[in-house]
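J.: Could you build the full structure based on these sequences and the hints that come with them?
In the order they appear, the protein sequences are chains C and D.
First residue of the first sequence? That's 1 in my numbering, and the numbers climb one at a time after it.
First residue of the second sequence? That's 1001 in my numbering, and the numbers climb one at a time after it.
Careful: at least some of the hints might be erroneous.
Below are the BS3-like pairs computed for lysine-lysine, each with C-alpha atoms no more than 27 Å apart in a straight line [claimed, not checked]:
1) K1063(D) to K124(C)
2) K223(C) to K1085(D)
3) K80(C) to K270(C)
4) K1081(D) to K1063(D)
5) K80(C) to K67(C)
6) K94(C) to K72(C)
7) K1081(D) to K1011(D)
8) K1063(D) to K223(C)
9) K1093(D) to K223(C)
10) K175(C) to K270(C)
11) K1285(D) to K1327(D)
12) K1205(D) to K1093(D)
13) K1347(D) to K1195(D)
14) K94(C) to K270(C)
15) K1285(D) to K1302(D)
16) K1114(D) to K1093(D)
17) K1327(D) to K1302(D)
18) K1085(D) to K124(C)
19) K124(C) to K1081(D)
20) K223(C) to K1114(D)
21) K270(C) to K51(C)
22) K1205(D) to K1346(D)
23) K223(C) to K1111(D)
24) K1195(D) to K1149(D)
25) K1093(D) to K1133(D)
26) K1023(D) to K124(C)
27) K1133(D) to K1114(D)
28) K1081(D) to K223(C)
29) K1133(D) to K223(C)
Hints are computed from structural coordinates only; laboratory data are not their basis.
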Amino acid sequence: MARYVLQRLLAMLLTLFIIVTVAFLVIRLMPTSIYDDPTISAEVLDMIQAKYHLDRPLIEQYGIFMKNVLFKGDWGISMKIQPNVPVFQVLGGKVPLTLFINVVSLLASIPIGLIFGAIAAIRKNTLTDHGISLFVILFISIPSFIYATLLQYFAGYKFGWFPITYTVSDVAAVKYLSLFLPTLSLALDPMAKVARYMRAELIESLNSEYILLARTKGFTRPKAIFRHAIRNSCIPVLNIIVPMFANVLGGSLVVENIFAIPGMGSLMIKSINANDHYLTIAILLIYSLVSLMTVLIVDLLYAVIDPRVRMGGKKQ
Amino acid sequence: MKEQNPILQVKDLTVSFNAFAGKVQAVRGVNFDLNKGETLCIVGESGSGKSVTNKAIMGILSKNAVIERGEILYDGMDLTKLTEKQFCQIRGKRIAMVFQDPLSALNPIMKVGKQITETLRIHQNLSHEEARKSAIELMGAVGIPEPEKRFNQYPFQFSGGMRQRIVIVIALACNPEILICDEPTTALDVTIQSKILDLIKTLKKQRDLSVIFITHNMGVVANMADRICVMYAGKIVEFGTSDDIFYHPAHPYTWALLSAMPDSESRERLFSIPGAPPNMLMPPKGDAFAPRNLYALDIDFKEEPPFFRLSDTHYAATWLLHPYAPKVEMPQELRKRIERMIEEDKKYEQQ
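T.: See the structure below:
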């Protein structure tokens, strides 16, 4: 197991390296220059370009960047958003905020989705099932920023249950309360997806012979389902967590803007628009790292839930 | 003849399924008794209602099934009228079932040991350790080598035959009176089949089980049965002792089944029954087998034949047995085959 994790971590490093390389090259292909302000004189511009090595060939720029990253751990400095501040210092307080709303919405949506999916499957073709399925379709087909806006208007402005935007406060409760609406609007879509998958998988499990066998043992139907079907149905649901999380991260770019959360999402858009190259790379790096970690965790979870995966690994 | 001591009686059982296209009449008035300590085989082709009959006995019919009429009498109770809670006291404890496909009957991600002890723990309130002991003992008894080690393994680490043994252990865990085997060897290869059949026979003797054995394989029937019910289109068309059915078959459907059985002697092309079973959404009027029956009479298409008595144990539902019916003999080829079987049987007994 440890060896497997190590292998996966090494593969992850390689993937990150490729992502950073591609990001570095692609970003520089964008047509505008960093400083397109016409008031800057040619001499100053030359000096700035020399400082950031922008006057060198692309390959050489990449070499310098990589050398700094690998040997000094220096990911460069922000050029426009907060000039001369090292990129990770700029990111500092923003990463936890973004991760918080993303991870919480994902973690909350999975159990809730599983429960609703299970209820829908057990009460298949009843009013309950149809009701759940209706919401599932709504939540999947409407993008998260629509709920974000609606929630902000109704729950935030009209009824005043929650703060309209992110509130900076020393009181943790106030801060987290203001994060509730964005988290909720991000959670609806994954919740619906999990519910939909769980419903389909559980219906299949319910028709399986081992449920019939469990019932011939003398279990009541609910007991047989609980003991024999639920866990089996969770295995395929794991499949969708990775693409789902990627989706949540994407949705959070917009939702953070709506609720004025000073997270990575808004920063990423700003840095791309401002041609703040090093900052953009750093943000991409963090997004990639988080996504790859999710992939790894999901793969390890497979082994925990499904003995066939675990044992299969042992034999080799 | 064993003394008549029915442990289970099925009377006029009628089960239909509400399907999208209408009502599928899967079982149409089935009557049979299961005597204590005997093996009753129910034979018939796919879709004849064998499995549905037994699922009704087990109380595990799917949700869209309706028991329209009839009763299943067991120990003074009518199983069709029990509540789910009462049924849970019977299933697994007093009536148990072995399924067709051991590959899908076991939960793939639960250790087999736990799947066995579950039954013991709900019905006999055994402690964890007691249940484990009892399960391991049973696993040894059905011929699973190294039961202690196997106890902690998962189904995917077992071969098909071993899995079927596990399913049998699960069924037998609480010492049931009645064991229903729903084509337990269909999914296994031939050498394993005979081992499992021998195992069921031995266990039946040891534990004085009454067995209902469902199959469509006449070879298996010959091997197992004390008495045989032949089912077609949701009805029993002929029933009798093993000798009655194999040596003196009377219903044209039984003739057809026996003719369609492969045998090492005959040189002719193997007989196959023409046509397909009827659509049970609209079961045909009269004898359901008539359209496929080479010996069908006019009346077969109009009126359903009652049971005609051939002997105390042997009854068949075909108009051919009516005193006014023309004399129709079973096909020559089958007659020869039966003579061969009788001869072989005698040789076997002499040895």
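J.: Next, verify each hint and record whether it holds.
T.: Checked hints:
no.: 1; hint: K1063(D) to K124(C); in the structure: holds (11 Å)
no.: 2; hint: K223(C) to K1085(D); in the structure: holds (12 Å)
no.: 3; hint: K80(C) to K270(C); in the structure: holds (10 Å)
no.: 4; hint: K1081(D) to K1063(D); in the structure: holds (16 Å)
no.: 5; hint: K80(C) to K67(C); in the structure: holds (23 Å)
no.: 6; hint: K94(C) to K72(C); in the structure: holds (23 Å)
no.: 7; hint: K1081(D) to K1011(D); in the structure: holds (13 Å)
no.: 8; hint: K1063(D) to K223(C); in the structure: holds (17 Å)
no.: 9; hint: K1093(D) to K223(C); in the structure: holds (17 Å)
no.: 10; hint: K175(C) to K270(C); in the structure: holds (24 Å)
no.: 11; hint: K1285(D) to K1327(D); in the structure: holds (24 Å)
no.: 12; hint: K1205(D) to K1093(D); in the structure: holds (19 Å)
no.: 13; hint: K1347(D) to K1195(D); in the structure: holds (23 Å)
no.: 14; hint: K94(C) to K270(C); in the structure: holds (13 Å)
no.: 15; hint: K1285(D) to K1302(D); in the structure: holds (6 Å)
no.: 16; hint: K1114(D) to K1093(D); in the structure: holds (17 Å)
no.: 17; hint: K1327(D) to K1302(D); in the structure: holds (20 Å)
no.: 18; hint: K1085(D) to K124(C); in the structure: holds (22 Å)
no.: 19; hint: K124(C) to K1081(D); in the structure: holds (25 Å)
no.: 20; hint: K223(C) to K1114(D); in the structure: holds (15 Å)
no.: 21; hint: K270(C) to K51(C); in the structure: holds (22 Å)
no.: 22; hint: K1205(D) to K1346(D); in the structure: holds (24 Å)
no.: 23; hint: K223(C) to K1111(D); in the structure: holds (18 Å)
no.: 24; hint: K1195(D) to K1149(D); in the structure: holds (22 Å)
no.: 25; hint: K1093(D) to K1133(D); in the structure: holds (18 Å)
no.: 26; hint: K1023(D) to K124(C); in the structure: holds (21 Å)
no.: 27; hint: K1133(D) to K1114(D); in the structure: holds (12 Å)
no.: 28; hint: K1081(D) to K223(C); in the structure: holds (22 Å)
no.: 29; hint: K1133(D) to K223(C); in the structure: holds (24 Å)
Checked against the numbered hints above, the structure breaks none of them.
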